[in-house]
Amino acid sequence: FGSKASSSPSLASDDWNSSSIRTQSWFKSARLKALEWIYNTRAQFGFHFKTAYLSVTYFDRFLSKRYIDSGKMWAIRLLSVACLSLAAKMEECNVPMLSEFRVQDYNFESKVIKRMELLVLSALEWKMGSITPFAYLNYFTNKFGGENSQRLVVSTAV
Amino acid sequence: MEKYKRDGVIGKERNSLRQIHKYRRQGSSGGSVVVKRFMLQPKLDALSTRDEEASADPEETGVPIKTLRQISLLKVMQHENIVRLVEMNYEDGDSLVRLVFEYADMDLRNFLEEYAAKASDQKLVKKLLCQLLRGVAHFHSIGAAHGALNPKNVLIDIGNENLKILNIAMDADALYTAPELLLGSTESSPAADMFAVGCIFAEMVNRRPLFQGKAANINNIFNLLGTPTEENWPGKLSEVFPNLEPHGLDLISKLLCLDPSKRIKACAALKHDYFKDLILLR
Numbered sequence: 001f002g003s004k005a006s007s008s009p010s011l012a013s014d015d016w017n018s019s020s021i022r023t024q025s026w027f028k029s030a031r032l033k034a035l036e037w038i039y040n041t042r043a044q045f046g047f048h049f050k051t052a053y054l055s056v057t058y059f060d061r062f063l064s065k066r067y068i069d070s071g072k073m074w075a076i077r078l079l080s081v082a083c084l085s086l087a088a089k090m091e092e093c094n095v096p097m098l099s100e101f102r103v104q105d106y107n108f109e110s111k112v113i114k115r116m117e118l119l120v121l122s123a124l125e126w127k128m129g130s131i132t133p134f135a136y137l138n139y140f141t142n143k144f145g146g147e148n149s150q151r152l153v154v155s156t157a158v
Numbered sequence: 159m160e161k162y163k164r165d166g167v168i169g170k171e172r173n174s175l176r177q178i179h180k181y182r183r184q185g186s187s188g189g190s191v192v193v194k195r196f197m198l199q200p201k202l203d204a205l206s207t208r209d210e211e212a213s214a215d216p217e218e219t220g221v222p223i224k225t226l227r228q229i230s231l232l233k234v235m236q237h238e239n240i241v242r243l244v245e246m247n248y249e250d251g252d253s254l255v256r257l258v259f260e261y262a263d264m265d266l267r268n269f270l271e272e273y274a275a276k277a278s279d280q281k282l283v284k285k286l287l288c289q290l291l292r293g294v295a296h297f298h299s300i301g302a303a304h305g306a307l308n309p310k311n312v313l314i315d316i317g318n319e320n321l322k323i324l325n326i327a328m329d330a331d332a333l334y335t336a337p338e339l340l341l342g343s344t345e346s347s348p349a350a351d352m353f354a355v356g357c358i359f360a361e362m363v364n365r366r367p368l369f370q371g372k373a374a375n376i377n378n379i380f381n382l383l384g385t386p387t388e389e390n391w392p393g394k395l396s397e398v399f400p401n402l403e404p405h406g407l408d409l410i411s412k413l414l415c416l417d418p419s420k421r422i423k424a425c426a427a428l429k430h431d432y433f434k435d436l437i438l439l440r
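In order, the protein sequences belong to chains H and X.
Counting from 1, one number per residue, gives the positions in the first sequence under my numbering.
Counting from 159, one number per residue, gives the positions in the second sequence under my numbering.
Just chain X, with the same shape it has in the complex:
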């Protein structure tokens, strides 16, 4: 680890008290990385959560299923809007796995706070949302879901206004959790990712979290979006986003759709009229 120097905390590991640190690369290459370390043993494995594996003897199951699937997914995940896995080390003796991901200048939360003037540019919001959706669409196209999208793992490079999604097993933030998950569904899904995208979009537009408070609860969501009948839709959305153009309002209502089966999909959202006037310089 001589190559990297610790440089701040970015979050907490899922189902664990361990913090995830940001590191600064030493030497000429510069730049920041995120390092995730875990033991290749189901009991201690942060990637495998609460399943039957956890109770089994590690030697009996061999390499844990979730670790295997997640790392092989990370290995093939190559998209300009998804944070790249830079290197993976495995130390045979102590079964320690170390994943090193690239990082960007800052996360979206910091960006909205520290670059308030820049972040209030609605054209930039559109550009960032488009990149977010592209990254999410890539996850979904390979049959995966992110499961914990929130402004802390959406990263921004200030200079080129590039957005990248960080995908490591971090705690999901309740404020971005889809209603079906709050109501007891346990599996993360592409539809739940889209709800989180809606919350993040809303946060970019208003520069504050859509659902406030220590823990978002179902009442907050129903207060804003109406109780789950499709008739009273879209509730109070236009009041919450007075400055958002009509197409944006329409997109946000489709992202925050209460019924996961009717919620807009990532590839459809990218074709939404909201992005019609977006010219991406690539």
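Excised from the complex, chain H in its bound form:
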């Protein structure tokens, strides 16, 4: 994994411009596969949709800061596992062991996944919280209607 942060922003965008169309299309399909794996695994573990959504945002945020060489599908797979595992830890009550995440074609050791988790955390500066509209709901219902109307509005919205 290389760091984009270490090079200047203009250099980083040069990298993107000079990269061949083939690289970009490889990358697009790799991302699609990663998303597919995340959504399937979400269903398998019975995670909330928000958890899958969150892991995709981690995935994209990571790749906006670090790059993965074209063709390294294992790295994309490993990143998907780390992102879903981190999202599950943020959102879910029951979090599986790292070894329970099954990835097609590769068999990652737990300590490798853990290292990837840490790479993601440092790239994302440990800012793993997610802001959803629900976070603001109480605030606005309080502002507009006072506490009494809160329960009603929230239950209607949910």
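Calculated from the structure, these hints are not laboratory results.
Check before you lean on any hint, since a few could be wrong.
Here are the simulated lysine to any residue pairs, SDA-like style, with alpha carbons at most 20 Å apart [to be verified]: (1) H:Lys-127 - X:Met-246; (2) X:Lys-420 - X:Pro-348; (3) X:Lys-310 - X:Ala-277; (4) H:Lys-127 - X:Ala-303; (5) X:Lys-276 - X:Gln-289; (6) X:Lys-412 - X:Cys-288; (7) H:Lys-111 - X:Met-197; (8) X:Lys-423 - X:Cys-288; (9) H:Lys-143 - X:Ser-299; (10) H:Lys-111 - X:Val-255; (11) H:Lys-143 - X:Lys-276; (12) X:Lys-233 - X:Ser-299; (13) H:Lys-143 - X:Lys-423; (14) X:Lys-310 - X:Val-255; (15) H:Lys-127 - X:Gln-228; (16) H:Lys-143 - X:His-298; (17) X:Lys-233 - H:Glu-91; (18) X:Lys-281 - X:Lys-420; (19) H:Lys-50 - H:Gly-129; (20) H:Lys-127 - X:Arg-227; (21) H:Lys-50 - H:Asp-105; (22) X:Lys-412 - X:Ser-347; (23) H:Lys-127 - X:Leu-254; (24) X:Lys-420 - H:Asn-107; (25) H:Lys-127 - X:Gly-301.
All values reported here derive from a predicted model rather than from experimental measurement.
Mind docking chain X on chain H? Use the hints.
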């Protein structure tokens, strides 16, 4: 750590014998910071307490859940009445995490002792309580609870009379623990925070802890607040706070309400009549 020089102890880590030290920043920037260090391994992790993680193999679980949640919370916590996380270092090799928080001139306990004359100004008490409630309200607004509020982790800057809440995993002080927790409930909650706010308010008004003694026990609380029927409420409060204005007395009784479900919430407390004549210069 060359940047910081050790400068006194401020408390003890939760579930650990390790002390938390205050450091003075070297060089021109000055000011004090609090440094919290821990290993990124569930067994040694001071942030993860007594849960199933502790018994699991660290490699099997990866980055511990509680560490992850707490640090990501600290990262987004930006409020003028909450102590800021200045920097976070992570050393990959030895899994050592270091959190550096800003500090203030002193904690509330020291302030009440060393600045007795200033601290007895009831207008200042009101101003400080308002800031305390704002900080606590911010915790609660993002779905978090502090869990260990007491005068040692409420910090004061003397010059501008600013108050900031320190939020690191320190030992909870039994004297500020809500009755439902003393009676066996284990989860820290926003309501329990509000009870602690009530105790701190009382301490600011009388300049001594509300519940005295080595360990507050449920008898002390019931002695003051009455056994848990709502009829005999508010018990002896007006005797304990002879100098507190009626609105203040009303607020304190709502903060110390025995039933956590009926205890006043932070955002409601901020709208209480006690603060009606408060003009904050900001």
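Between the alpha carbons of Lys-127 (chain H) and Arg-227 (chain X), is the straight-line distance 20 Å or under? Given pair Lys-127 (chain H), Arg-227 (chain X) holds - Cα atoms ~10 Å apart, limit 20 Å.
Within 20 Å, alpha carbon to alpha carbon, are Lys-143 (chain H) and Ser-299 (chain X)? The given pair, whose Cα atoms are some 13 Å apart, holds under the 20 Å limit.
Is Lys-127 (chain H) close enough to Gly-301 (chain X), meaning Cα to Cα at most 20 Å? holds, 16 Å
Under the criterion that the straight-line Cα-Cα distance not exceed 20 Å, is the pair Lys-420 (chain X), Pro-348 (chain X) satisfied? It holds: about 12 Å lies between the C-alpha atoms, which stays within 20 Å.
Hint consistency between Lys-276 (chain X) and Gln-289 (chain X) [alpha-carbon to alpha-carbon, up to 20 Å]: holds, 17 Å
Check whether the Cα positions of Lys-233 (chain X) and Glu-91 (chain H) lie no farther apart than 20 Å. Holds - the C-alpha atoms of Glu-91 (chain H) and Lys-233 (chain X) are around 17 Å apart, at most 20 Å.
Restraint status (C-alpha distance of Lys-143 (chain H) to Lys-276 (chain X) at most 20 Å): violated, 36 Å
Sort out whether Cys-288 (chain X) lies within 20 Å of Lys-423 (chain X), counting only the CA atoms. holds, 13 Å
Assess, step by step, whether the Cα of Lys-50 (chain H) is no farther than 20 Å from the Cα of Asp-105 (chain H), and give holds or violated. violated, 27 Å
Taking only the CA atoms, is the gap from Lys-420 (chain X) to Asn-107 (chain H) under or equal to 20 Å? Not satisfied, since the Cα-Cα distance of roughly 53 Å exceeds 20 Å.
Is the hinted pair Lys-281 (chain X) and Lys-420 (chain X) satisfied, with a Cα-Cα distance of at most 20 Å? Violated - the C-alpha atoms of Lys-420 (chain X) and Lys-281 (chain X) are around 27 Å apart, more than 20 Å.
Holds or violated: are the alpha carbons of Lys-111 (chain H) and Met-197 (chain X) at most 20 Å from each other? Between Lys-111 (chain H) and Met-197 (chain X) the Cα gap is close to 16 Å, so the pair holds against 20 Å.
Violated hints for the displayed structure, listed by number in ascending order: 11, 14, 18, 21 and 24.
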